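Keeping the supplied structure of chain A fixed, place chains B, C and D upon it in accordance with the hints.
Protein chains: 4
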Amino acid sequence: MNTNRVMILGASGYVGGELLRLVAHHPGLEVAFACGRGEAGKAVAEVHPHLALAYPDLTITEYDPLNLPEVDLVFAALPHGTTQALAPYLLASGKPFVDLGADFRLDSAEDYATWYGEPHAAPQHLDDFIYGIPELNRDAIKGAKAVATAGCYATAAILTMKPLVDSGLVEAGSIIVNGMSGVSGAGKVPSPKTHFDSVHGSLGAYGLLNHRHTGEMQMALGQDVLFNPHLVPMDRGILVTCTAKSAGEGDPLAALAEAYADEPFIHISETAPATKAVAGTNAVHLSARRCARTGNLLALGAIDNLGKGAAGQMIQCANLMLGLEEGAGLTTAGVWP
Amino acid sequence: MNTNRVMILGASGYVGGELLRLVAHHPGLEVAFACGRGEAGKAVAEVHPHLALAYPDLTITEYDPLNLPEVDLVFAALPHGTTQALAPYLLASGKPFVDLGADFRLDSAEDYATWYGEPHAAPQHLDDFIYGIPELNRDAIKGAKAVATAGCYATAAILTMKPLVDSGLVEAGSIIVNGMSGVSGAGKVPSPKTHFDSVHGSLGAYGLLNHRHTGEMQMALGQDVLFNPHLVPMDRGILVTCTAKSAGEGDPLAALAEAYADEPFIHISETAPATKAVAGTNAVHLSARRCARTGNLLALGAIDNLGKGAAGQMIQCANLMLGLEEGAGLTTAGVWP
Amino acid sequence: MNTNRVMILGASGYVGGELLRLVAHHPGLEVAFACGRGEAGKAVAEVHPHLALAYPDLTITEYDPLNLPEVDLVFAALPHGTTQALAPYLLASGKPFVDLGADFRLDSAEDYATWYGEPHAAPQHLDDFIYGIPELNRDAIKGAKAVATAGCYATAAILTMKPLVDSGLVEAGSIIVNGMSGVSGAGKVPSPKTHFDSVHGSLGAYGLLNHRHTGEMQMALGQDVLFNPHLVPMDRGILVTCTAKSAGEGDPLAALAEAYADEPFIHISETAPATKAVAGTNAVHLSARRCARTGNLLALGAIDNLGKGAAGQMIQCANLMLGLEEGAGLTTAGVWP
Amino acid sequence: MNTNRVMILGASGYVGGELLRLVAHHPGLEVAFACGRGEAGKAVAEVHPHLALAYPDLTITEYDPLNLPEVDLVFAALPHGTTQALAPYLLASGKPFVDLGADFRLDSAEDYATWYGEPHAAPQHLDDFIYGIPELNRDAIKGAKAVATAGCYATAAILTMKPLVDSGLVEAGSIIVNGMSGVSGAGKVPSPKTHFDSVHGSLGAYGLLNHRHTGEMQMALGQDVLFNPHLVPMDRGILVTCTAKSAGEGDPLAALAEAYADEPFIHISETAPATKAVAGTNAVHLSARRCARTGNLLALGAIDNLGKGAAGQMIQCANLMLGLEEGAGLTTAGVWP
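Residue numbers (the UniProt record's numbering), protein chains in the order written: chain A, 1 to 337; chain B, 1 to 337; chain C, 1 to 337; chain D, 1 to 337.
Just chain A, with the same shape it has in the complex:
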């Protein structure tokens, strides 16, 4: 396998660290530049002690969008809004670009304004990006120059519910997604809400009625969705427990199994999934059933928010874009316990 040299923007954050971890053992990728403005000049070992042996000589550097170095692919895991400014330069460079930011996920500038509360700064580039969930649009990703990988909650909810919607099992407009996430989804910047003592031994909802990932869910599922996110005292993992009014008589578990029969990262089971089983991986564990008593469907999905919900999916997309084996550098074997 040829080795492709990659540049990671946002390398000092949680997703950046996870990209570094995955690339360290990827047979077809190597890190050319690990960039991060705030921590530029520091050794990776200082910023990410867990990578001290894997990257003994790598230093976090600045990046200049006007002078992109020679690399084979760019990963960006930057704060929301940042890539709207970078995109013109990156797209002009012609380098394959995998962005985790929310900037280019939604189809329209109107939807962006609705969910992000501000006008889009580069609407002319919205069509240049493919929405990055390989199980949904693998072929488009293969041919893409720029991919905006899905949000963590959105990845979980869409993979859990889309086959049920597509099979006609869901009464339109009745989907409710209860999402529960570990704290790494909130990022590395310290705040009162991510203080250990605020989270440990506690559980609460947040972002009610207007969480931004709702827009992605609605775009992919083609209908209104009520999304209730919760913060859970664990570091990694997302579980979505989704309900909808049942339409038709089909078996929802069979619908999942059929839709994902050939997917290497998706596991379908009668057993309700647990987040820990997918920790550290790119795997998705799904289950579904119908409640005859109340006429509801119930479907559940578990992912690692930093894996399939972020860095793992970015690698999966990059593999497709570069013509590598789709699963290269990724794992399905969870770090358990």
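Worth flagging that the hints you see were computed from the coordinates, not collected in a lab.
One should not assume that every hint holds.
No copy labels: a pair is met if it fits in one copy or bridges any two.
Said to hold, decoys possible - 20 Å max Cα-Cα, derived EDC-like pairs, lysine to aspartate or glutamate:
1. K193 x E39
2. K145 x E325
3. K145 x E326
4. K142 x D127
5. K245 x D224
6. K42 x D166
7. K145 x D72
8. K245 x E171
9. K193 x E270
Since the structure is predicted, the reported quantities are computational estimates derived from the model, not experimental observations.
Same frame as chain A, now just chains B, C and D:
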């Protein structure tokens, strides 16, 4: 305040320990007997190291239902099914009896058989018990000789949703309760599911479609309910995130505020509640809102499953039955962080 | 019991919140003013959601050291260094003052400079403060106008080791204290080190060789001490595992039992203590043994760093200073699980 | 790389699951048999949901020591005492054998009896096993047919302290090891001590004065050691904080750096290590310093107890025995956060 001597059946379990903790500082109660078959003969300090100084001389003892000692009230926190056998003796004794078991919570033997999968062994005594949630039926509890306090999930869901149902804000049959509980709800007996390494860093659903507390919710709310319980990596606390199709235009938060205006243990807020704020207390934190976009109501409630969800509510009921101040020995000040 | 009106400086922090929690159920104290500069103007319910029902109408206020209001006692739980500036005014007011700060704990300005790396700003007042561990110097506290309660680690280490030193069981200069603390000891201000994801599932040492509480341990134990503190993924609790070269043949457990025979908050046991058993309390659990093979003593102590290690001990000292029952408002019954 | 077919005894436990996880991505090993008596007949996906996608068709089987199948190497992660009975058959088979059990770690049957409280059942085979810490005895492992890999605590303590002892920096007999371990070290069998509610939010010592790993530490370090183990509320990870009276003037950090200059899995740093940085890896993070004030050395080491403390070290030894690259299938990049 006169001191009432109480007998605790099931004193070696988690709820038994919490009853001992609360009675230790209760101005009107004192422990006469702490009973628990498996641990009989052991010092409280051995079974409950956290109570070593509070009960330096108390020993766990056996109890004989045919020879109940002279006490002023009996608390029972026994495994499901046990009090069906004990109830005839306890009721015949005429002593006030507060039971946490599920045996006498439901209105009918048929409902019991539906949710517990076995015929009720003492259906003739079902009418002898009052369902124990003081905010719902305070007067009946005051005059009762026997109270079956509500289940932990049921307490949270019913207190959260009943005012909305009673105010006509809920479309019948549309209620979905997503419940998230700490591990102490599963009891003290070790099992693979309560092993630290199974729970820590993980989140999953369990008991889907047929969790037994659903029966209580349906009884109190007068309609079918879909209940989705989850196990959360924390020891105490229950959060219920409830949704329903909206009916009418009333403000759900105002409905909660009006219903509970005079309740000393209920706090209504625009802010979504967190379980840690009620840890160690008898408090209930509630919030509610309407989603105009999807036409749903969203209501949330947090309790301590061992407090208001178990031992706290038992003390609250006992206070009413004995003519003591309702809040005696209870607190609303959470142990945080 | 007469009610004494207290003023709490630093009421918005963790220790301030714990003081508010304890005073809420104290029969002889009530909160007159809860002061905290950064959060002044906010309702207690907003700053401390766990106290929303206990203090529905209390607001955090500013304080002016030049115009102290009429109160019966002042508690201060302020950042290190702050009370050096306040002390002259507080002492001049003649009001009983219980300080948790490190400013007036050490005997000499030289020791302060050694451990805190800066000159003491009010050395003339060092003698005005009594070091606040009631089990060591109860009579002095009773007669004091100003008490500097001990640090959390220091309280645990001194209570664990002092009887062994006093009994001649310890070879001078050989004491090593391994301390392990929950995160609340680091305070409420968010930082990378207290981010949930930094702590959860991790354990590490910090402050090696020069942690400031070493100075208190050396002062109270009369010899050099090596202190190794660790941060543990839990919110409350300190355990100290202390070793020393054995001198003499006395039984260390008996020495503890004899020294603390009449102490209401100290529990001595052959069993190694666990921090959770003292959570939410003012209790101290101790054990000790000798290792014949290596000639070492091994002694262990567990406290709640916010209880006996901070707010609990402050209340205990205040009770003594005001002539109240020493244990008023305090508990030994841990919140477990 | 040729693929070697391995047999895993004890595949249903935590270490067995970790071996399966590591072998899944090992270029030179593949699982021929995953054996575990209690769970025989179950799919790996049922016993280890985190491996559902990695081993979709593998079933746990029984094993018959009298009829070992054709495999290239046997891993055993069995309860203490079990391999004493199996060893004669395994050794007779001539197959390379890597044992995690404690049965053949110690040099003499006397030491075994001292630390394990029972006579050794197969003392004639003690000399057939090499003690398995590659950094200490790599060449012996390369030539061995049977290796007894070190205990988790022992691995950490020995790697941390042996260079200091060998450099003459330690006063003989003065070593004290404070060990702090995650719960997975206690194994998968549920017990009151590993119940989530016993561990979460708590910290305590156990096994004081006579923990069995002390024997290994004394054997490798050539002197008496006091070892104080603690249980920490995390699932993976061991930290040892070691002290000793200082002898000589050498720099302990330099001694570590020199001893491990060429070791791919050992990271030396001035910074105190944290367990989370090595989670999921075979890495060892070490630090050391001298306390001039008290005349002590202080050295710290962090490993993943299931990685370098168990399955990782087993793979490392197997790689050496089979002539594979020593680091094949192993990683140094921690799963963080």
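Outcome of the hint check:
For a Cα distance limit of 20 Å, the shortest separation of K193 from E39 across copies, 16 Å, qualifies, whereas the shortest one inside one copy, 23 Å, does not. Within a single copy, K145 and E325 get their C-alpha atoms as close as 17 Å, which meets the 20 Å cut-off; across copies the closest is 38 Å, which misses it. Taking the shortest Cα distances, K145 and E326 sit within 20 Å of each other inside one copy (16 Å), while across copies they are farther apart (39 Å). In this assembly of identical chains, K142 and D127 lie within 20 Å of each other by CA distance solely inside one copy; the values are 16 Å within and 58 Å between copies.
Proximity of K245 and D224 under a CA criterion of 20 Å is satisfied in both settings, with 13 Å inside one chain copy and 14 Å between copies. For the homomeric pair K42 and D166, neither the shortest alpha-carbon distance inside one copy (49 Å) nor that between copies (34 Å) is at most 20 Å. Taking identical chains as interchangeable, the C-alpha atoms of K145 and D72 lie at most 20 Å apart only when both belong to the same chain, with a minimum of 11 Å there against 46 Å between chains. Proximity of K245 to E171 under the C-alpha cut-off of 20 Å is found in both arrangements, the shortest distances being 5 Å within a copy and 14 Å between copies.
For the homomeric pair K193 and E270, the shortest alpha-carbon distance between copies (17 Å) is at most 20 Å, but the shortest distance inside one copy (35 Å) is not.
In this structure, the one hint that does not hold is number 6.
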